[in-house]
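Next come the chains, spelled out residue by residue.
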Amino acid sequence: MSAHISLIDRLRRNRVIREHGGSVALSLPTVIFLLILFAVPVVQLMLLSFQSGTFEHYEKAFTDELYVTVLLNTFEIALLVTVISFFLAYPLAYFLIVAQPLWRNIGMFCLLMPFWTSILVRTYAWMAILGRRGIINEALLSLGIIDAPLSLLYNTSSVLIGMVHVLMPYMVFPLYAVMRRVDPNLMQAAYGLGAPNWRAFLRVYFPMTMPGVLAGASLVFILSMGFFITPVLLGGGRVTMIAVLIEQFVTELLDWEFAGALSMALLTFTLVVYSIFKRLMKSERNLA
Amino acid sequence: MSEWLKNTPKRKHNWGKIALGVYCTLVLTFLMLPLLVVFPISFSSARYLQFPPPGFSLQWYENYLNTPSWISATITSLQVGVGTTLLATTLGTMVAFSLVRGTYPGKAWVDRLVAAPIVVPNIIIAVAIYGLFAELKLIGSWYGVMAGHTVYAIPFVVLVVSAALRNFDVSQEHAAMGLGASRLRAIWTVTLPQIKPAIISGAFLAFITSFDELIIALFLSGSNMTLPKKMFENIISEIDPTISAVSVLQIIMVGIVLLLSQRLGAGVSPIKS
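Residue numbers (the working numbering), protein chains in the order written: chain A, 1 to 288; chain B, 289 to 561.
If you're looking for bench data, these hints aren't it; they were derived computationally from the structure. Among the hints, a few may not be true.
As the list claims (entries may be wrong) - Below, a list of computed lysine-lysine pairs in the DSS-like style, where the Cα atoms sit at most 27 angstroms apart:
no. : chain 1 : residue 1 : chain 2 : residue 2
1   : B       : LYS395    : A       : LYS278
2   : A       : LYS282    : B       : LYS484
3   : B       : LYS305    : B       : LYS395
To be verified - Sample of chain B residues with no beta-carbon within 10 angstroms of chain A, all distances over it, derived:
no. : residue
4   : PHE331
5   : PHE344
6   : TYR352
7   : ILE359
8   : SER360
9   : LEU366
10  : ARG389
11  : THR391
12  : ASN410
13  : VAL478
14  : PRO481
15  : SER511
16  : SER532
17  : VAL542
Even glycine gets a Cβ: it sits at the ideal position worked out from N, Cα and C.
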């Protein structure tokens, strides 16, 4: 009997080993691929910044006024994009939840269609709208409201418009997912207990959608920090963000060591925001 | 006044709804505006960017079709996109199996490695691979761009396929094995057909990711431009309405891909319940 059991045990162990071996073998090609083409090159880029054996590149990045301005600018734009996206996305997500099916479908279409459209196409369209001979200027000129075209392009506002347009949907998706799970009876209960609309919203509804707000905000913030296309095209060289600076140091100045230091700063900051978000989500879940 | 409002909460609620409706209509208009603008510009008969267009013409579509550099950029993009799709779908599906089914030391690290390309900013991935490929003299080859895009597309495939695998009932596979099928055969004939929609969705997602990607292509494609890189250079040098024709074609192309993935796969909606 005991011999029988040990035989089964041995068979099971063999199968476990075989299955483990199979799983490891299945992951190996991808792991090797990502190590060679992603992990090692990224680490190498970071290490370049220490090649001189000192922290001189970091000192330069965090004390030189020029670079400090760019870092602060990046942070400020990322924060503004996140806040504006929130104020556009929150009501829209709520609208998609409460609207009649027809309006929900129209809303979804208007949200998803641009989302899947190339960023370049959309950026080009904004240039056509905001440019000197763009739609807004032509319209205002022909209506006689202005005498000379306004310069709406190549400033912080145009970069913000372009970035919010690209990133706002990333805020809507998690909000929508969270709002779908909120029990509408809870709001009715709050009304029933005499809470005015705004109060029921602030004290009951909003806290329940907090996980969606956190997920959306951190996603938008992280993506904003590393943005490149929109600042280059809609900022026209006048609005510099850290990703644009990295590109310039690599392709124009060939200063890989400083580009490595800037990349390190950007990556560290991204990971810090990411881990704060993870921790907040954990405590949210513990509360619930 | 306030008494009257208190006694008619229904009415007050309606005002809130109207305000919400108006606000969201404005937000949706903001979202659709760039797309609505591109279509009329692409059919414009003007020689330069002008709105509203003075007349109808297909000149920018003709210009696109008759310019070799636009066509070769399109071909490169399709080549890179198809290559990325095949490679990322294969690698992503394999590692998704390993992550969902396997238990082995270091699995958490494999999980992190696979998800990392989404978190790490594109510009850093692009510059890092650029450094490697410059040494290997791979700049300007379409398969170099494909390799870069695959790094970026793998996490999307893994996300979609592993979700389907988690929902799949393993006992079906065990039943097949109990009836004498080998493990591989059980997976091939029982599991894979059932998660096929997810794999197809992952493949379409990988294609769109590659077809739209600019930053990695900007560094790696050299003179062998992809379509987004050609568009980028075009926007920087001169605003030529040809790009609006290309834009419309690209919108239609992505629309077709999404429709196909809806029909053949499980869809690629970013909204999960």
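Hints, one by one, checked against the model:
With a CA separation close to 19 angstroms, the supplied pair B:LYS395 and A:LYS278 stays within the 27 angstroms bound. Between the alpha carbons of A:LYS282 and B:LYS484 the distance comes to roughly 33 angstroms, so the proposed pair goes past 27 angstroms and is violated. Taken as a hint, the B:LYS305 and B:LYS395 pair is broken in the structure, with Cα atoms around 49 angstroms apart against an allowance of 27 angstroms. Residue-level check passed: B:PHE331 sits 14 angstroms from the nearest beta carbon of chain A, beyond 10 angstroms.
For B:PHE344, the non-interface assignment is confirmed: its Cβ lies about 18 angstroms from the closest Cβ of chain A, beyond the 10 angstroms cut-off. Residue-level check passed: B:TYR352 sits 14 angstroms from the nearest beta carbon of chain A, beyond 10 angstroms. Taking the minimum C-beta to C-beta distance to chain A, about 18 angstroms, the non-interface status of B:ILE359 holds against the 10 angstroms cut. Taking the minimum C-beta to C-beta distance to chain A, about 18 angstroms, the non-interface status of B:SER360 holds against the 10 angstroms cut.
Taking the minimum C-beta to C-beta distance to chain A, about 15 angstroms, the non-interface status of B:LEU366 holds against the 10 angstroms cut. For B:ARG389, the condition that its CB be more than 10 angstroms from all CB atoms of chain A is violated, with the nearest at approximately 6 angstroms. A beta-carbon of chain A is positioned within 10 angstroms of the beta-carbon of B:THR391; the least distance is around 7 angstroms. Non-interface call for B:ASN410 relative to chain A: violated, since the shortest CB-CB distance, roughly 6 angstroms, does not exceed 10 angstroms.
Listed as outside the interface, B:VAL478 is consistent with that label: its C-beta sits roughly 16 angstroms from the nearest C-beta of chain A, beyond the 10 angstroms cut-off. The beta carbon of B:PRO481 sits about 19 angstroms from the closest Cβ of chain A, which is more than 10 angstroms, so the claim that it is off the interface holds. A cut-off of 10 angstroms between C-beta atoms confirms that B:SER511 is not in contact with chain A; the least separation is 14 angstroms. The Cβ of B:SER532 does not lie farther than 10 angstroms from every Cβ of chain A; its closest approach is about 7 angstroms, which violates its non-interface assignment.
With 10 angstroms as the threshold on Cβ separation, the claim that B:VAL542 sits away from chain A is violated: the shortest Cβ distance comes to roughly 5 angstroms.
Of the hints listed earlier, those the structure fails to meet are numbers 2, 3, 10, 11, 12, 16, 17, in rising order.
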